[in-house]
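Chemist: Protein chains in written order, with my numbering: chain A, 69 to 451; chain B, 69 to 451; chain C, 69 to 451; chain D, 69 to 451.
These are calculated hints, taken from the structure and not from any lab test. Bear in mind that the values here come from a model prediction, so they are computed numbers and not experimental data. Do not take every clue at face value.
Copies of one chain are not kept apart here, so a pair can be met inside one copy or by any two copies together.
[Claimed, not checked] In silico lysine-lysine, PhoX-like type, Cα no more than 20 Å apart, as pairs:
#1 Lys-241 to Lys-339
#2 Lys-363 to Lys-339
#3 Lys-363 to Lys-140
#4 Lys-258 to Lys-163
#5 Lys-411 to Lys-441
#6 Lys-74 to Lys-140
#7 Lys-411 to Lys-72
#8 Lys-408 to Lys-251
#9 Lys-248 to Lys-258
#10 Lys-190 to Lys-163
There are 4 protein chains.
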Amino acid sequence: MLQKIKYGMVGGGEGAFIGDIHRIASRIDNRFELVAGALSSNPERAARSAENIGIDAARSYASFEQMASAEKNREDGIDAVVIVTPNHMHFPVAKAFLEQGIAVICDKPATLDLEQAQTLAKIIRDNNSFFRLTHNYTGYPLVRYARELVQEGVLGSIRLVQVEYAQDWLSSKEEDTDNKQAKWRTDPSKSGAGGSLGDIGTHAFNLAQFMSNLSVQEVCADIDAFVDGRVLDDNAHVMLRFNNGAKGTLWCSQVAPGNANALKIRIYGDKAGLEWAQEDPNELWLSPLGEPTQKIIRAGHTVTEVANRICRTPAGHPEGYLEGFANLYRDIADALLLHKAGKPIPAHLQLVPGIDEGVAGLAFVESVVASSKANSQWVALND
Amino acid sequence: MLQKIKYGMVGGGEGAFIGDIHRIASRIDNRFELVAGALSSNPERAARSAENIGIDAARSYASFEQMASAEKNREDGIDAVVIVTPNHMHFPVAKAFLEQGIAVICDKPATLDLEQAQTLAKIIRDNNSFFRLTHNYTGYPLVRYARELVQEGVLGSIRLVQVEYAQDWLSSKEEDTDNKQAKWRTDPSKSGAGGSLGDIGTHAFNLAQFMSNLSVQEVCADIDAFVDGRVLDDNAHVMLRFNNGAKGTLWCSQVAPGNANALKIRIYGDKAGLEWAQEDPNELWLSPLGEPTQKIIRAGHTVTEVANRICRTPAGHPEGYLEGFANLYRDIADALLLHKAGKPIPAHLQLVPGIDEGVAGLAFVESVVASSKANSQWVALND
Amino acid sequence: MLQKIKYGMVGGGEGAFIGDIHRIASRIDNRFELVAGALSSNPERAARSAENIGIDAARSYASFEQMASAEKNREDGIDAVVIVTPNHMHFPVAKAFLEQGIAVICDKPATLDLEQAQTLAKIIRDNNSFFRLTHNYTGYPLVRYARELVQEGVLGSIRLVQVEYAQDWLSSKEEDTDNKQAKWRTDPSKSGAGGSLGDIGTHAFNLAQFMSNLSVQEVCADIDAFVDGRVLDDNAHVMLRFNNGAKGTLWCSQVAPGNANALKIRIYGDKAGLEWAQEDPNELWLSPLGEPTQKIIRAGHTVTEVANRICRTPAGHPEGYLEGFANLYRDIADALLLHKAGKPIPAHLQLVPGIDEGVAGLAFVESVVASSKANSQWVALND
Amino acid sequence: MLQKIKYGMVGGGEGAFIGDIHRIASRIDNRFELVAGALSSNPERAARSAENIGIDAARSYASFEQMASAEKNREDGIDAVVIVTPNHMHFPVAKAFLEQGIAVICDKPATLDLEQAQTLAKIIRDNNSFFRLTHNYTGYPLVRYARELVQEGVLGSIRLVQVEYAQDWLSSKEEDTDNKQAKWRTDPSKSGAGGSLGDIGTHAFNLAQFMSNLSVQEVCADIDAFVDGRVLDDNAHVMLRFNNGAKGTLWCSQVAPGNANALKIRIYGDKAGLEWAQEDPNELWLSPLGEPTQKIIRAGHTVTEVANRICRTPAGHPEGYLEGFANLYRDIADALLLHKAGKPIPAHLQLVPGIDEGVAGLAFVESVVASSKANSQWVALND
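Looking at chain A on its own, in the form it has when it is part of the complex (with noise of 0.2 Å):
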């Protein structure tokens, strides 16, 4: 049997949603054991969370700073701590373990600001850190068997990526109900200069760059709160430039109804387009120019390894959200172990994003928010 990973938490307590999803994630294939927590700024909270997810009680913590010494100078000590805090406590919180000389797993964004995430990546580079970004997007079999296509050719030259991100949670002003979720998300002090921008079209970005091989140069971008009241943005348009001439298009939003999770992408090349959308994940869209559109299925008879290792269920069996983070968590787990053993990672294990595409997800929002504020201006990605 391999073996499992010790890890703790920071955030995730009672009343959040992502700690549960990546607590999940990281069961689904067993190679991951949750031994420790400091699951909420609140004590209180903290211990009946720990107790309700079944971390012993010695190792719930009051704060993530005496978690991370803790946990550092037990025998048994944690591998790994997984960081699921809004997004202004990423930073101080790596930093912490990191330090500490103990691996980080962190929701996206990175961090605060850009210039939070260019510290932390000097911080990684100079320690030879261990630093994975959970952008699980990227962890969908089909997303990485669709990166694969465009490396090996089959899209020809990409022209166009048009990208989009949309929901309708927000629509409303949310924020002043009860939602915890909502509260953080619209306050600039806990989720950064962007709102919707940073909450999912880091993730659209991520993805556009991640399975067209391509990174982007340039935005031109103009931004909204619509809801009133509300100081960050819940819309964005933003047009994009590749660094290989192609163009394209992000649009995020949270005010669109009918939209519960709507991510999407297509990608045209002047030999084939492609499309995926996340809701449908077990589908991708291919067209040869000049032939009918393919139904490519998940674990179906053209998909090959880079897709079908990242499997557990036959085609037709679907597989969905959270087996596409366990597919991270599986990733990381094999990457770690090499890591730790001062073993070179191999390439199929480095498809997990990490502190660069977390600097390049903060220099995103940056630009865009500076292009929106110059009245659309083109802004280069300067991360």
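For this one, chain A is given, so just place chains B, C and D on it according to the hints.
Modeler: This is chains B, C and D only, laid out in the frame that chain A set:
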């Protein structure tokens, strides 16, 4: 039986595409009779084409000028002319017939450039002429129903309009083959300042304004000719600002493999969102905030008079492109009879676009081109 | 210009549904001219209907018998009659016109019962008469293309044919309202032994045989009238055995809420499967075993002459029910001209169903009813 | 933290399919711990498999009999056994563990034949044993919601149930390759009287009864083995009669190219219809008669506690096959703890199928086979 409109056609001879579409559309409801033509600038082809489609040789003309004066002088002369030439001929032909007091039904865009369109608008205004522009997508029943839903406030205050029109037929250098359609549509002298912009972008623009009941005030654009050696754009990304503060994007492309004629629009307000796609024109998706999305079908239970009036088949018996086109012809027939009788034209017959929409379309093309040349500065649509 | 067919119509006056459909379909390609009619058994309504649709009063007849003899005696008499009455009138009307040497275009089912159909078949054979039955779904381009794919062996040996035709408009006792269509279609004296079976089951049956190139040999059925007080079936479940050993099911229903006109067919062979649905007629799904499913589109790249010949618009510009219907009329025009000239009719003009398909349809209805009465014994289709 | 269930597994060693599915499903909610196993009838493979998945060598057994008695005698012995062997072993294994007072979680079908199922039912009844059958499709949230809609009368009186389950993986003689799954599933000694019937038909049958709240009383069937040399059916057509007078069809097939795991159900009542497909499990389509069809989404606004209780992710974050399966495990954990404590099990934990559904499934298989042998006579389901 309702009186038939006698009409002639300019353009639409052998090898043309849209001429035959207009002829079929005009026949579907039996309200038009084609009796004259100047079907080609090549006299021999004009004569042969006329014979093939059953126009009396005596009324097959070698030039549109000849036709305009000859028909004007016949007692049984045409009531209307249909112009289906390449764009550069729209203005001179329309002018010639309008000057003879003959009504004009013109394919889009109205003219080659904005200046011509404005001149034409003045002629029409000054003479109280009858002019209709066949932005045929406004003829789909569910497009009109969607417009009504917006007008009635079902969507609340409109925040977003996302419109796109993607094709793939110009992904390669099609204009170097013997494809006539490709040749003139990529030639600025015949097509105007816009390539995909003029050909399909104007349809998307018109649909966005028609369905949202809003008008675009500014555009910020980045346009490209991706195919080597092509002069006019084959792709355009445009950000939109509307008169009420709504925002949007318009994407048109003729280099997106897998897209045949993928015109699609989504409109989001603070109460509901809606979505319609031309390739599935018998369905409209309405998403009231906080309720399940509804699949509204043409001629279905909730659809009202504005759409049902122009349906010929019951729900589930699909109507398509030709029927949508025919709806314009039907309304034009009714409106033209009233116009000739000097009677007022009721609102429900004024949904067919006219010269105002034509001027707006050219203003859109020229503003987008200007914005793109200015590295995507916002440019106002001063029409 | 190709010669036009002069025709008259029996039935199809005010309040009728299918008469107007036939008239539009006949106009689309400009090959027919409607010049006579006995549009209603009510003389006043017949006259008024004739005037409304532009038939000369002199050729609006009070009875079909009058019309048959009068038209026979005119030098410019009609070439063909279109029969769009309720089913019980099909036989006498067809007989009357055939006896005058006038070609017959008849809506389905051919007659009220199998005996009539066989008698009619004999008359047609004995006199080498021209008779076409408007099973209009065979006119869809992709239906014909699918048939060709089967003929060419792309599916291999056919094992399964699953066909269904679901509607919901008779879910309540619609025949007790003033809905004329519901009244006669639920009345055995006008509709025959089948309710949903005759109205839509015959279409499904015809399509299954047409597309699979097979014939049904036995049926095993369980039919129901779910609505209280209804005499004829509003739902039928039928198991099928085909001549080559293939099996299948046919389900037709008019009490399935949410279904407007949901005719759908799936055919599976040992090499591939295919699927087509009438409500999305511009798409055909082909699944070669072990390869991705292909979305084949009307007028798309791989579609061949058999379908493209009958397309009027390019891919992505949807054609619908009326165009499919019009394809029958176009082929009938060509075939009738050849028939009148005593020339052979080529294979590609023989795809329109005739009396053989009519006899088969009635044999199907009567066998299904017999099987159901015998508690679902297998009954052979002895036509 | 809730108490974990300690369990062992019989079957599910190397090369198996469903064993791993059960293990993942049991882990997702962290309510189970796998501590023992008799993973293969081959002792060497059993030991190796146990090691690979982290079962202590001391609790990896060479036979299920050994395991049953050894675990019974341990103080920390298993609470439950999961049976994931081929069908012919279900009965002896279940019996052995039940006799030791150990709860049984068994893959479907319950046993090899109806007689065994009835015997097992008696054992369970007589001993008040705990037995659950993993008809996993009942674990999908929207399946349970649909069942509730039916129960609450939203569909009115049910008239029709159309269920189908199509696959293509046995379109060729797969059992002649080294595909273990194909081998035993086509072997009557291991699979029972049904091929596709037992493998997938029982799922379809169970789903039809579960969702409609009805029971099938009679079947009329025609089954086939289309692949040369195959003994068991690979396709079955079945007409259904329900206890309330509703009718239906069940089609299952493993020779339908293009179908991966296409389980789909449609239920029609006199007030509304609904439709659900396993390959798109996050959507349920509800069609109230005379209103637009509604797209109901998992965890969406109108979905109630019966479904939301078993959702782990918000709307738009797709859950799939494994989460549906895990929902059974979660309910089983709660129910088993109550059972062990001698407390009553509330209704919402009784949705997981048990031996009654197992008996019904075998009765279905045997009745269908009997009907088909009798040339499709109606056969009652005497269970």
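Chemist: For each hint, tell me whether it holds in the structure or not.
Modeler: Verification of the supplied hints:
no. : hint               : in the structure
1   : Lys-241 to Lys-339 : between (45 Å within a copy, 13 Å between copies)
2   : Lys-363 to Lys-339 : both (17 Å within a copy, 18 Å between copies)
3   : Lys-363 to Lys-140 : neither (50 Å within a copy, 51 Å between copies)
4   : Lys-258 to Lys-163 : within (17 Å within a copy, 58 Å between copies)
5   : Lys-411 to Lys-441 : neither (46 Å within a copy, 52 Å between copies)
6   : Lys-74 to Lys-140  : within (12 Å within a copy, 32 Å between copies)
7   : Lys-411 to Lys-72  : within (17 Å within a copy, 37 Å between copies)
8   : Lys-408 to Lys-251 : neither (39 Å within a copy, 43 Å between copies)
9   : Lys-248 to Lys-258 : within (12 Å within a copy, 54 Å between copies)
10  : Lys-190 to Lys-163 : within (11 Å within a copy, 63 Å between copies)
When held up to the earlier numbered hints, the structure conflicts with 3, 5, 8 and fits the remainder.
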